[in-house]
Amino acid sequence: MATKHHVVTRVNGEEVEFLCEARHSLLEALRETLGLTGTKEGCLDGNCGACTVTLDGRLMDSCLVLAVEAHGREIQTIEGVASPQGLHPVQQAFLEEAALQCGICTPGFIVSAKALLEREPNPTEERIRWWLAGNLCRCTGYDKIVRAVVDAAARMAEVKG
Amino acid sequence: MAIVYIPALMRGLTGGAEKVTVPGSSLRQVIHNLEAVYPGMQARLLQGDDLSPALSVAVDGEVVRLGLLAPVGEQSEVHFLPAMSGG
Amino acid sequence: MNDFEYRAPASVSEAVALLVEKGERARVLAGGTDLIVQLRGGRFTLDRMVDVKGVPELNQLRYDAAEGLVVGAAVPCYRIYEDELVAAHYPALVDAARIIGGIQIQGRASLGGNLCNASPSGDSIGALIALEATAVIAGPGETRSVPVEQFCTAPGRSVLGPGELLVALRLPPPKPRSGAHYLRFIPRYEMDIAIVSAGVAAVLSPDMSSFVSARVALGAVAPTPLFVTEAGAALAGKPISEESIALAAEAARQAARPINDMRGTVEQRRHLAAVLTTRALRGAVARAKGEQVNGH
Amino acid sequence: MANKVLVRQEFKVVGTRPIRHDGTDKVTGRALYGGDFSLPGMLYGKVLRSPHAHARILSIDTSAAEALPGVRGVVTAKDLPRPEEGIADVGEGAVNLRFLSDNILASNKALYKGHAVAAVAAVDAHTAEAALALIKVDYQVLPAVVNVREAMKEGAPILHESLRTDAQGQKGTTPTNIASRIQFAKGTLEQGFAQADVVVEREFETATVHQGYIEPHNATGLWSSDGQVTIWCSTQGAFTVRDLVSQILRYPVSKIKVVPMEIGGGFGGKTVVYLEPLAALLSRKTGKPVKLVMTRTEVFEGTGPTPAASMKVKMGATREGKLTAAEASFAFEAGAYPGSAVGAGCMCAFAPYDIEHGKIDGYDVVVNKPKAAAYRAPGATQTGFAVESVVDELAEKLGLDPIAFRMKNSAREGTRRIDGPIFGVIGALDCLEAARASDHWSSRLEGPNRGRGVASGFWFNIGLQSSCTISVNADGTVNLVEGSADIGGTRASIAMQAAEVLCLRAEEVKPTVADTDSIGYTQVTGGSRTTFATGWAAYEAAHDVLRQMKERVAKIWEANPADVTYEEGVFGVKGDPKMQMAFRELAGKLNHTGGPIVGRATVDPKGQGGAFATHIADVEVDPETGKVKVLRYTTVQDAGKAVHPSYVEGQMQGGAVQGIGWALNEEYFMTPGGTMANTSFLDYRMPTTLDLPMIETVIVEVANPGHPFGVRGVGEVPIVPPPAALANAIRRAVGVRMTRLPMSPGAILKEMGTV
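Keeping their order, the protein sequence lines are chains W, V, C and Y.
Numbering-wise, our numbering comes out as the position in the first sequence, counting from 1, plus 18.
Numbering-wise, our numbering comes out as the position in the second sequence, counting from 1, plus 109.
Numbering-wise, our numbering comes out as the position in the third sequence, counting from 1, plus 703.
Numbering-wise, our numbering comes out as the position in the fourth sequence, counting from 1, plus 508.
FYI, nobody ran anything at the bench for these hints, they're computed from the structure.
Treat the hints with care, as some may be off.
As the list claims (entries may be wrong) - Computed beta-carbon distance windows for the label pairs:
(1) W:30 / Y:572: 39 to 47 Å
(2) V:110 / Y:1177: 54 to 62 Å
(3) Y:761 / V:180: 25 to 33 Å
(4) W:90 / Y:538: 22 to 30 Å
(5) Y:761 / W:172: 47 to 55 Å
(6) W:139 / Y:1243: 40 to 48 Å
(7) Y:1096 / W:172: 25 to 33 Å
(8) C:765 / W:140: 30 to 38 Å
To be verified - Derived DSSO-like pairs: lysine-lysine, alpha-carbon spacing no greater than 30 Å straight-line:
(9) Y:512 / Y:867
(10) V:128 / Y:867
(11) C:725 / W:22
Here a beta-carbon is modelled for each residue, glycine too, at the ideal position from N, C-alpha and C.
Given these sequences and hints, build the entire structure.
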């Protein structure tokens, strides 16, 4: 049997422990071990962004991170974006702008867009497109996604007052 | 009489005619009557007792899904087209 | 993918010891954006993965006007382009760091890893060569330095010997009246591999009318990133003009010895070598003159 | 950057933009896609695939794999029943059963690199993968043919010894790769060309491209001890999966239940089966549930892309700009087994135009590539690229405005197509008019190396079977159950049609996509049929609810059911304005006035109406690199009636962008030996956010008389115009006429004579 690593990490604000093999990706650990299937698998080589999460606040393709590397770190996934009070403005904007069709890329886009708006509250269209280039969507042609991010920025500005 | 448009590669059987008129109030009757006038046609259109699955039939411009049961009107146009699928 | 042993040393010596022990069967993990993909794709198997992100020397990013820049081998791209000093003094490095993958890759991929992957099209390598970077290598023997243009020896191969580890990249301080620019050509606008790339640095005369010297590096036109000394030589002492730039571009075209593959043809790559050299030189000159130039 | 809807008929719910019912689950990560599904004790499967494009399989030895600890079972083609030659009609046209079965697991020959040869179930995916390497397959490698023109030549390697050309029912006599030949002819071609003052004839090629859905194929199968089989998967059609699995495994449909999970894109590529029969077989063998998920490379190499095509088009027109004749020959790569979309491609090719004399030849040709599957308006994009390029060149030669030229020759109600039938009410001309009136067309495009192109496209749309039930809740809302996989918001567009009938808000109709045990037969989500046909089923089921509700009101009021009215959500009785009962009030009384009410409907409608689109593209070409930048893009399309305009726009934008990707950069880059060299999204270059401008939309509404709300399918036609629109724009930008897809930077440089 392969050696198992004991990983202690924080996922969406809560401490989590799991066992993994060295070859397991963070994506596998999230989906298979922790049951957090909101993070999607699209390509397994870092070219689609469907598995985007943040690791210590940085966007990552979780398929390109080893699960064992998560030890002592802080992970945020799509499951942690909404709060008991309701949807995050980015999520609400995606709904209202019809910025999703099949929805498989949507968690990745939302995690990426949220990270952008937390750093840059008022990005230009060009900046939004640059930031989201690592997330592929095959359904929408991106138009409504870009609009949703612009819309979400406005909503977040409003909340901040 | 229904007006039957003959698929281009079957026009050898109709002496080159693009369309022919035959009686019949269902597709089954139309094909049966077509065979009577232009022998060999049935073998090209049917597989066993049914319409060849490679074909679809349009009656008056609309693809019909009833196969040989499809009703054919007195002045109807009948077209045999390749079966189609969508994405 | 076969399982392997994962180790995360805290020092260079510990890392080297772990590498020496397993030889070819051990690999270094920094960002992993090439390594993990290759491993998963069955390109190779290994017994041990040595995660060097916990080694302080590999995480340093330090600029000093006298010493220049030290980039730890595991420093991810975003730290390069978010660093104000780097942006001010080494904009060509930022050109490269900004276009490696998308934002997710840039959160992890390092220039050191990009160099060790030794791909002919590695985006940071052309910029590093133009900027006269040297690779600082630790190993079982003496620590040694190798100019980046000598680092790659074949596709996927480098001068790193058994147990050796790339610790950092050292870039000399930019010379007065110098400018550098890195450009690549890709069919899309992001998330792509260079069909051809060009990294260029130029030093201008005090009156800004002629080239004192220039360094031109090309990517994806040979088995390794190519340092085109002929192009630099063609510019030395020449007036700053389209004619001079054309001479360098022609030298770049001549030096290119590309192949046909799914990304481009020989003819296209030779042509692009000249086009990109031209454009990168224009950008380098503009930067030397203090003008703003966009990355790509 | 406008999105316009040219509304002609208003409704209360239909035509509004409510939030989709499944939206919250999909923005929170809670929605369960096929890959997210798991069962206790589940095993993981992996598929061994042929490394050769064409090879005889001499033997397969699975013993070492079976002996690997953790491996629970291995299957090969020997585990599949051997079907007699037979044809199955699964609403997707003809499917030869033997071919179908062989594509699941190769029996005698591997016919493409990536062809499944064996499958393993093990305790985890890594073990299953390790086991693949232990399966010994003895191959006799054969010469491969991976190009349609080569495959048609005398002496080409033959894929199927038994294959004979079917020429509209007449079988050939010698082995061939040309599976079928079709022809359409109308009028007298010679006469038509004799009338022409200008004739343009050109040859075109398009590369193999993939649908590129982000979610890889997946399936989980459970073969229970009582013989019941359940399959959970991401599919465009649960009933189609049931039919195909039944036919491949020779197992009764009644013993197979298919549970459609959420689906992460399909575009036609998930209308067929790959892993589903394997999941069932492996589960039968191991007694455990088994899940398989493809890698991206497997998706590219082992699932159906869209055919590459080799095409020739000749068209003539008078000096005044009237098209007189059109002739075309279209040869499509079917992949390893017959059945490309060449028929549809032929029929769509000249459909936007009224042409008196025409002839179209089509060839369906097998090559050593994965069996082609449907991709959005299957066949129409290839032929549309060729025809719309020639139309553009004719306009150019005649010195006519490209939209005016198209309008002068536009198909309209009563136009007889070259394939024979006459068009009913269509919006071809309306789209051209709207394009001409658009902000985009009237804007000026200035600057060097810039050009504007226009192109039209047509797709038939399809009808087919759908079922729907609606049950009334005591609080006055309803639950709607249907069987159409929701890939892009169809729960909403279907529920809205029921809401319209019932005078409810969209939110008061709660839609569920059910499994094959729980709803009547429903065809695939494809062919732009779902909002049209399943929406129609919902409309009928809602009327069934209303009929029963009226009967109940009549019973309560002791009135004649025929006198009961329903307006604005309130039941009444003719001639007695005092008698009123709201829908919600009645809903609360159902259980003690005669029991619950469930409406039901099944439909198999014709009259789906065709869909036309016209696109306008502005590009700038970098003359030094050949790179095309799309500066501005507008799609104009006849939606009949846009039920949920946001999702209609989404279809238009997404389809256009897939077409842009197809046009500019996407291709299967094949080695001569038949290996796809670019099996990752890194080198299979689908458009990213940065490659595109906003995609402007103009929805035209020419009501389809064949649908209660005038709906036409919208999903497919938007992929048709982009390649030609961009080629025409590139022509105006830098003077070259691109006749091959993709129009990649290297190809443009070459055409410009730069390299």
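> Taking the beta carbons of residue 1096 of chain Y and residue 172 of chain W, is their distance inside 25 to 33 Å?
Replying inline: Between residue 1096 of chain Y and residue 172 of chain W, where Cβ atoms are some 42 Å apart, the hint is violated.
> When you check the alpha-carbon spacing of residue 512 of chain Y and residue 867 of chain Y, does it fall within 30 Å?
Replying inline: 38 Å, violated
>> For the hint 22 to 30 Å, verify it against the beta carbon of residue 90 of chain W and that of residue 538 of chain Y.
In response: Between residue 90 of chain W and residue 538 of chain Y, where Cβ atoms are some 28 Å apart, the hint holds.
> If you check the beta carbons of residue 761 of chain Y and residue 180 of chain V, does the distance land in 25 to 33 Å?
Replying inline: Once the Cβ atoms are compared, 29 Å apart, the range 25 to 33 Å for residue 180 of chain V and residue 761 of chain Y holds.
> Given the proposed pairing of residue 128 of chain V with residue 867 of chain Y, does the C-alpha separation stay at or below 30 Å?
Replying inline: The hint holds at about 15 Å.
>> Looking only at beta-carbon atoms, does the pair residue 761 of chain Y, residue 172 of chain W fall within the given range of 47 to 55 Å?
In response: The hinted range 47 to 55 Å holds for residue 761 of chain Y and residue 172 of chain W, with Cβ atoms some 52 Å apart.
> Given the hint that residue 725 of chain C pairs with residue 22 of chain W, does the C-alpha gap stay at or below 30 Å?
Replying inline: 20 Å, holds
>> I want to verify a distance hint. Is the separation of the beta carbons of residue 139 of chain W and residue 1243 of chain Y within 40 to 48 Å?
In response: 46 Å, holds
>> Can you tell me whether the CB distance of residue 110 of chain V to residue 1177 of chain Y sits inside 54 to 62 Å?
In response: At roughly 56 Å between Cβ atoms, residue 1177 of chain Y and residue 110 of chain V fall inside 54 to 62 Å, so the hint holds.
> Taking the beta carbons of residue 30 of chain W and residue 572 of chain Y, is their distance inside 39 to 47 Å?
Replying inline: 44 Å, holds
> At the C-beta level, are residue 765 of chain C and residue 140 of chain W separated by a distance inside 30 to 38 Å?
Replying inline: At 33 Å between Cβs, range holds.
Violated hints for the displayed structure, listed by number in ascending order: 7 and 9.
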